[in-house]
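Peer 1: Chain residues, written in single-letter form:
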Amino acid sequence: MSKILEVKDLSLHYLTRFGQKVHAVTDVSFTMNQGEILGIAGESGCGKSTLVNGLMGLFIPPLYPTGGDVLVSGESLMNRKPEDIRVNVLSQKVSMIPQGAFNALNPTRKIKDIAADVIAAHGSGQSVSKQKIYERLKERFDLFGMDTEHILNSYPIQLTAGERQRSVIGISTLLNPKVVIADEPTSALDVTTQKVVIKMIFELLERNIFSTMIFITHELPLLRHVAHNIAIMYAGEFVEYGTSTQVVHDPRHPYTKALMGAMLSADAGQKHRKPTTIEGAPPSLAKTMVGCRFAERCPSARPECKQKTQSMRMVGERLVRCDYAE
Amino acid sequence: MQNDIIFSAKNISKYFGHGKKRVCAVNDVSFDIADGEIVSIVGGSGCGKSVLAKIMLGLYSPNQGSFLYKGKQITNTLDHWSEVQSVFQDPFGCFNQFFSIRTQLKDAFGILKNKLSKQEVDRRVDEALLAVNVKPADIEGKYPFELSGGQMQRMLLARIFALKPKVLIADEPTSMVDACVRANILDYLMKLKDELGMTIIFVTHDIGLAYYVSDRIFIMHEAKIVEAGKPEEVTQNPQNPHTVRLLEDIPDINREWIKK
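Sequence lines, in order, name chains S and X.
Residue numbers are given in this note's numbering: position 203 of the first sequence equals residue 203, and the series is strictly consecutive.
For this note's numbering, count along the second sequence from 1 and bump the result up by 1000.
Worth flagging that the hints you see were computed from the coordinates, not collected in a lab.
Hints may contain errors.
Said to hold, decoys possible - Just the calculated beta-carbon pair ranges, DEER-fashion:
#1 S:K130 to X:F1031: 51 to 57 angstroms
#2 X:G1149 to S:T31: 31 to 37 angstroms
#3 X:M1190 to S:R109: 25 to 31 angstroms
#4 S:P303 to X:E1146: 29 to 35 angstroms
#5 S:E326 to X:E1232: 35 to 41 angstroms
#6 S:T31 to X:Y1015: 17 to 23 angstroms
As the list claims (entries may be wrong) - If the Cβ cut is set under 10 angstroms, some of the chain X residues that face chain S in the computed set are:
#7 G1044
#8 I1074
#9 G1149
#10 G1150
#11 Q1151
#12 R1182
#13 G1208
#14 A1210
#15 V1213
#16 E1232
As the structure is a prediction and not an experimental result, all values here were calculated from the model.
We treat Cβ as the ideally placed atom computed from N, Cα and C, and that holds for glycine.
Construct the entire structure; sequences and hints are all you get.
Peer 2: The following block contains the structure:
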């Protein structure tokens, strides 16, 4: 298997108006092989979406890289001009499926025009006639068993939430990107529509339109079904990284355990099980942090946790950022 | 009294639009909700569950059938809201960005029939903030955009703690927050129920959540209530194909979900 994506000690920060640095992502490293699906989970504000921007090489102020490297099939995305990234990287090598389909689509244009723009902006100089583009779109959208004519000729407001999200996925993967990053693609949908959208993503994977995907969500049970590997993120760091079965069924980091305990289930006998809550809020990322970042809220924290910075180590065949995890 | 009927709906229907474009959002629905009960209305997007919640709030009145609150029709919405309050999905849409949170929490008391003194209002706001684990000093002079989504959702709940309504209608109160915050919010809601003996109506698409919180579950599909019953019966022994579908579509960690 060949390495598609390599992330080496990536750190990113935002620079505020007052010259303060907010370290949103700290020392994230992972590699992805062709055909792998990596799930990233964590609560709101833990740096998931910032990481996505970093992985696409989109360093738009106030976001700046602090250090590290991102390589897509061996090619670095760091220190490149935005124009270069737009023409040569986005949509072809790395493509994103955004969260809010309604905000991602221009309300004044039809789906077919929005899709044609993607080819014009990212297709690295391919000049294709409108008719050709339309045929290509039709061919792609027909795969999903949707009413293609209706969808392509509609404005976003005329479509249902599920159709909009599927259109966005269709547009994002139009140029057969090497890596697709799905940033909470289903969190605004109900369970039935969610399943339809996930089925569509699997359909695309099966037809080899893309093969490598990063799937970001805060619903761990969903990742169990979608991803091969799962990384749990807390306050800008990965705290646990393992296969999806390991992380979901046998979590080792106290934070992952708490996340799993907070899930609700409709299974028999689960009615009187109280979901666990984590008191307090994540630490402010604007300060320099000493010690374990989860120590303040950790149910099994020891006094030394607040001083000693934790690093990733192997526990039960997966990486955990906790010296006391077993 | 425990067995008083709070809401009584008989064959209610609600339409939008006219002629060919007429859309039926609630179609011939009947139910009774007793005092102190927790009822969840579960269904997918567009099944009419939010319209039903708005009928309960008096924001819409049904086109057909009779809908009674404590045996009377809802005529004066201001009177109605002094007893029936709601929590919505998006807390940022519920607070004015231009006023501080404390001011808005205090303004909420205007809906009550008996006017309280300034000191009494301040005391109840502080009490309500402590009930949702927020120190009153922490939000002093803060505006809605300065807080995170989870904190704002707690401010909405603080408003409920302060007003102490008889009935709470929670329209997807947790669908925008992550799992940890969701567990927290449910904790506070259960505390509300225990302290105030409120009737709570949950509107949600998450049958797992409905199973955990409620005494009774209504399953809605295409403007009709297709199944109603105790949470154990509805989740363990569903009778209607739509209920089965809703249960199957939940990604459960112990069950196969999509065949790869």
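Peer 1: Does each hint fit the structure? Answer for all of them.
Peer 2: The hints, checked one at a time:
1. S:K130 to X:F1031: 51 to 57 angstroms: The hinted range 51 to 57 angstroms holds for K130 (chain S) and F1031 (chain X), with Cβ atoms some 54 angstroms apart.
2. X:G1149 to S:T31: 31 to 37 angstroms: 33 angstroms, holds
3. X:M1190 to S:R109: 25 to 31 angstroms: 47 angstroms, violated
4. S:P303 to X:E1146: 29 to 35 angstroms: 33 angstroms, holds
5. S:E326 to X:E1232: 35 to 41 angstroms: 36 angstroms, holds
6. S:T31 to X:Y1015: 17 to 23 angstroms: The hinted range 17 to 23 angstroms is violated for T31 (chain S) and Y1015 (chain X), with Cβ atoms some 57 angstroms apart.
7. G1044: Because about 4 angstroms separates G1044 (chain X) from the closest Cβ in chain S, which is inside the 10 angstroms limit, the hint holds.
8. I1074: This hint is violated: I1074 (chain X) lies away from chain S, its Cβ roughly 29 angstroms from the closest one there, beyond 10 angstroms.
9. G1149: 6 angstroms, holds
10. G1150: 7 angstroms, holds
11. Q1151: 8 angstroms, holds
12. R1182: R1182 (chain X) check passes; min Cβ-Cβ to chain S is 7 angstroms, inside 10 angstroms.
13. G1208: This hint holds: G1208 (chain X) lies near chain S, its Cβ roughly 4 angstroms from the closest one there, short of 10 angstroms.
14. A1210: Where the cut-off is 10 angstroms and the nearest Cβ of chain S is about 8 angstroms from A1210 (chain X), the hint holds.
15. V1213: 9 angstroms, holds
16. E1232: 7 angstroms, holds
Violated hints, in rising order: 3, 6, 8; the structure is consistent with all others.
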